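Q: Using the hints provided, position chains B, C, D, E and F relative to the given structure of chain A.
Protein chains: 6
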Amino acid sequence: MWHSGLLIGRFQPFHLGHLFAVKYALGKVATLYIIVGSAEKSHQTDNPFTAGERIRMIKAALEEASIDCRRVMIIPLPDASAHSLWVASVKSMVPKFDVVFSNDPLTRRLFQEENVEVLDIPFHERSTYSATEVRRRMLSGEAWEELVPRAVAVIISEIKGVERLRQLSDKK
Amino acid sequence: MWHSGLLIGRFQPFHLGHLFAVKYALGKVATLYIIVGSAEKSHQTDNPFTAGERIRMIKAALEEASIDCRRVMIIPLPDASAHSLWVASVKSMVPKFDVVFSNDPLTRRLFQEENVEVLDIPFHERSTYSATEVRRRMLSGEAWEELVPRAVAVIISEIKGVERLRQLSDKK
Amino acid sequence: MWHSGLLIGRFQPFHLGHLFAVKYALGKVATLYIIVGSAEKSHQTDNPFTAGERIRMIKAALEEASIDCRRVMIIPLPDASAHSLWVASVKSMVPKFDVVFSNDPLTRRLFQEENVEVLDIPFHERSTYSATEVRRRMLSGEAWEELVPRAVAVIISEIKGVERLRQLSDKK
Amino acid sequence: MWHSGLLIGRFQPFHLGHLFAVKYALGKVATLYIIVGSAEKSHQTDNPFTAGERIRMIKAALEEASIDCRRVMIIPLPDASAHSLWVASVKSMVPKFDVVFSNDPLTRRLFQEENVEVLDIPFHERSTYSATEVRRRMLSGEAWEELVPRAVAVIISEIKGVERLRQLSDKK
Amino acid sequence: MWHSGLLIGRFQPFHLGHLFAVKYALGKVATLYIIVGSAEKSHQTDNPFTAGERIRMIKAALEEASIDCRRVMIIPLPDASAHSLWVASVKSMVPKFDVVFSNDPLTRRLFQEENVEVLDIPFHERSTYSATEVRRRMLSGEAWEELVPRAVAVIISEIKGVERLRQLSDKK
Amino acid sequence: MWHSGLLIGRFQPFHLGHLFAVKYALGKVATLYIIVGSAEKSHQTDNPFTAGERIRMIKAALEEASIDCRRVMIIPLPDASAHSLWVASVKSMVPKFDVVFSNDPLTRRLFQEENVEVLDIPFHERSTYSATEVRRRMLSGEAWEELVPRAVAVIISEIKGVERLRQLSDKK
Chain A
22 MWHSGLLIGR
32 FQPFHLGHLF
42 AVKYALGKVA
52 TLYIIVGSAE
62 KSHQTDNPFT
72 AGERIRMIKA
82 ALEEASIDCR
92 RVMIIPLPDA
102 SAHSLWVASV
112 KSMVPKFDVV
122 FSNDPLTRRL
132 FQEENVEVLD
142 IPFHERSTYS
152 ATEVRRRMLS
162 GEAWEELVPR
172 AVAVIISEIK
182 GVERLRQLSD
192 KK
Chain B
22 MWHSGLLIGR
32 FQPFHLGHLF
42 AVKYALGKVA
52 TLYIIVGSAE
62 KSHQTDNPFT
72 AGERIRMIKA
82 ALEEASIDCR
92 RVMIIPLPDA
102 SAHSLWVASV
112 KSMVPKFDVV
122 FSNDPLTRRL
132 FQEENVEVLD
142 IPFHERSTYS
152 ATEVRRRMLS
162 GEAWEELVPR
172 AVAVIISEIK
182 GVERLRQLSD
192 KK
Chain C
22 MWHSGLLIGR
32 FQPFHLGHLF
42 AVKYALGKVA
52 TLYIIVGSAE
62 KSHQTDNPFT
72 AGERIRMIKA
82 ALEEASIDCR
92 RVMIIPLPDA
102 SAHSLWVASV
112 KSMVPKFDVV
122 FSNDPLTRRL
132 FQEENVEVLD
142 IPFHERSTYS
152 ATEVRRRMLS
162 GEAWEELVPR
172 AVAVIISEIK
182 GVERLRQLSD
192 KK
Chain D
22 MWHSGLLIGR
32 FQPFHLGHLF
42 AVKYALGKVA
52 TLYIIVGSAE
62 KSHQTDNPFT
72 AGERIRMIKA
82 ALEEASIDCR
92 RVMIIPLPDA
102 SAHSLWVASV
112 KSMVPKFDVV
122 FSNDPLTRRL
132 FQEENVEVLD
142 IPFHERSTYS
152 ATEVRRRMLS
162 GEAWEELVPR
172 AVAVIISEIK
182 GVERLRQLSD
192 KK
Chain E
22 MWHSGLLIGR
32 FQPFHLGHLF
42 AVKYALGKVA
52 TLYIIVGSAE
62 KSHQTDNPFT
72 AGERIRMIKA
82 ALEEASIDCR
92 RVMIIPLPDA
102 SAHSLWVASV
112 KSMVPKFDVV
122 FSNDPLTRRL
132 FQEENVEVLD
142 IPFHERSTYS
152 ATEVRRRMLS
162 GEAWEELVPR
172 AVAVIISEIK
182 GVERLRQLSD
192 KK
Chain F
22 MWHSGLLIGR
32 FQPFHLGHLF
42 AVKYALGKVA
52 TLYIIVGSAE
62 KSHQTDNPFT
72 AGERIRMIKA
82 ALEEASIDCR
92 RVMIIPLPDA
102 SAHSLWVASV
112 KSMVPKFDVV
122 FSNDPLTRRL
132 FQEENVEVLD
142 IPFHERSTYS
152 ATEVRRRMLS
162 GEAWEELVPR
172 AVAVIISEIK
182 GVERLRQLSD
192 KK
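Residue numbers (the numbering used here), protein chains in the order written: chain A, 22 to 193; chain B, 22 to 193; chain C, 22 to 193; chain D, 22 to 193; chain E, 22 to 193; chain F, 22 to 193.
Keep in mind the hints are simulated off the structure, nothing from the lab.
It should be emphasised that the depicted structure is a prediction, and the values quoted were computed from it without experimental measurement.
Honestly, I wouldn't trust all of these hints.
[Stated by the list, open to error] Taking lysine-lysine and the DSS-like style, the derived pairs with C-alpha atoms no more than 25 Å apart in a straight line are: (1) Lys117/F - Lys181/E; (2) Lys117/D - Lys112/E; (3) Lys44/A - Lys117/A; (4) Lys112/B - Lys112/C; (5) Lys44/A - Lys112/A.
For reference, chain A alone in the conformation it holds in the complex (with noise of 0.2 Å):
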């Protein structure tokens, strides 16, 4: 068992994919580090959600699941200006850490040559629980809610996330 590691994602939005990744790195790690990545992008038809946005569906639903949230922290990062900066970007965001849990091929390159540590997480129906896929279903008028958990599902339609969505993708 390490004792910290990084979950990198965009989480636009978070999913039922990526509490399983979370449950997940959890059972490898005493404290894990959440990083919501591009958290200055927003309002774009690939990344609807604010960072804050982000960040109250991921502690919602970890509090939904009953996760221990003394075991969580979730970071927001910008985007850095280069990627050969990412990784000294994060390591100066974020507490000290032993392991990156990443399934994107530019994350695990650039945590690899900086001989960081980086593991896969071994999704589940990974076609199915993606953020691509919620955010077709709610363009398209499929039922979304069923891919993220119910907190999340509670915040999109408080913030109306699904029309914020639709009306970013009108090209009227």
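A: Showing chains B, C, D, E and F alone in chain A's frame:
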């Protein structure tokens, strides 16, 4: 009692006055977002520590003080490129909040102009419990440890923070 | 009638649809701020002209149309570093305004979330009077001059705008 | 007489010396572009006002002085990221110009190195009619209104500018 | 013969067509500045290598080809924040030059608008000797080594460049 | 003897102390990368020269001193947006290096924290051979030429560097 509030500081480093402020704020709000400002700054004589190091200090100090970490989130925020964008930047990076705790004139002014309620923090012994005083004592070799939570002193010692500050001050 | 309003566009280049929109807006507000968006962009196939060139085109077109320039200000604004900062950026760069004229989904959404009133512009013959169509015709050698105010055609000719656009599109 | 010229300043705030300079420049050029420099700066003790507020002050002062606004454009420009890019930035953001009015050594030097003609402004009573002096009087409670056009004093009063400046200066 | 000239490219990676261009340019100028453009970009499928790696490749290729390195300087330049600032940025970062060698439409246009002479490079077998083709072959497993100087192939092998490119392309 | 090393400075301007340092470093490494730091800065009283001008000075001084330019590369680097990103930025922009020569406390600290070996430069007559002293003499009209290589004095004279520095210092 408000639902949630911000406590904004640079925490270079987190000292007993800050801890007092956290406790005070937790008497007023259910959830407190501690904003680690100027998060991109480090390795300067008045900003010696990285955001990651400051987060670690705050986390350790809160645990040592038996504060319920489920009521607190610690969020690093870089400076905005212009003062007029600062409040919008904070709002996008932090979950919804009702009130701001700050004694800083600029912070107070910027939030007040956006109609956010700002509360004073009743600092006790402000001239002693200040980060400027802590850094001054670190440089002069005086006793600085008594101004910070014990857990913070331990971390600063572990990361050789005083040595870093002195080296940065070296005019050689 | 409102006191003042914004008309936001990129104006690459300013065409007869834009001129119609200006006249429409001047029927609703006493003072109109024409915001030249993406002001830093130029020398791209979909943003060929500098902000300075675009301002010059707009000024000339308004004078040609005998619009009272004392009721209009033309203000260039660079893109914000994040969508969530755009409205704050506009508010800091432009005198106080009451209403925004825009058909762009993102612009509409961002101002609406900040509780600014947004009005549709009743574009006539939208598919014809579009900057995309003007640039397409410039590249294909079709008659584009009929889509823009005469004064704009003169300026584009003077600065050799069509030649620039073609050179930029050259895949060689 | 030149076709067009630039008058560059920060206008924090616009005072009677500036008004004199505008009139002087309008005696030399047909069209004057008033550049509101450091447009992104505000809420600092030496840059208290936003670009939008400064534009509003200038517009009101010119109208009060019965200056023909059709001969003037007011254009806000953020600082460039490097001095060596400043002239290129100005040229891209402003319609073509023939001459620059400025007494600032850096501005003069940068334009001269690019072979742009730079003219002195014959300031009268320079030590009195300076923005630094206006702000000093605002802070000390002395009579500052006599240094600015009446219309500017009205706007500063309306936006509570003196209160803002004092709050920003508050070392508390 | 000119005194000095620029050869601008991204060199992702440096191939035999580039080497030909260097030799061609050295037939026209006494001193050649090789500008490594988009220097901040790396770890992207169309920009896999860092500026440092590209500089190393170029240096090694020139030495292998017995080119007199005293007549050449290799200078990395990040992209400017706007096309309209690019020429000013280059001029500030590079010693004075008389001519630019480039086939890129945007580069040619930007320098020509600033009255800098731009010369074509007579590429031979352009479709074969292109960085796009080199990267395509790296991904498909075809023979790419024959398109680059031997010294470049050695460096790419040493830094495991093909492995990096493949990992970045991995859609997993 | 190391394979390669960095010598980092701002070189505003390059003086005899710098030349001594280059020779010293070339006694320790086979290849020396001379990093022209704060490359984006110019036209300031403590950073009067552009990176391009500084590169030209260094090149001329090395040739005058009969230093083998094949063992040296001169590389301009802009400041990073945060100290914590500086080492990563250098590593991405420069070929692999083994050691850093620097007497600057911040530079030393940042590289040491990344486990890069840092060596002192045994400056002789440090208070005399300093760029600050050169600029001071330029402003006061004292003999500054004796502090810099002859070739540097020639270039400064040619670009009218003293005149620029004085104009920038002009408080008028």
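Q: All hints, please: hold or fail.
A: How the hints compare with the structure:
Between the alpha carbons of Lys117/F and Lys181/E the distance comes to roughly 15 Å, so the proposed pair stays at or under 25 Å and holds. For the proposed pair Lys117/D and Lys112/E, the alpha carbon gap of about 21 Å is at most 25 Å, so the pair holds. Distance check on the hinted pair: Lys44/A and Lys117/A sit about 21 Å apart at the alpha-carbon level, within 25 Å; holds. This hinted pair checks out: Lys112/B and Lys112/C have alpha carbons roughly 16 Å apart, not beyond 25 Å.
Between Lys44/A and Lys112/A, the direct Cα distance comes to roughly 23 Å. Compliance with the 25 Å bound is thereby established for this hinted pair.
Checked against the numbered hints above, the structure violates none of them.
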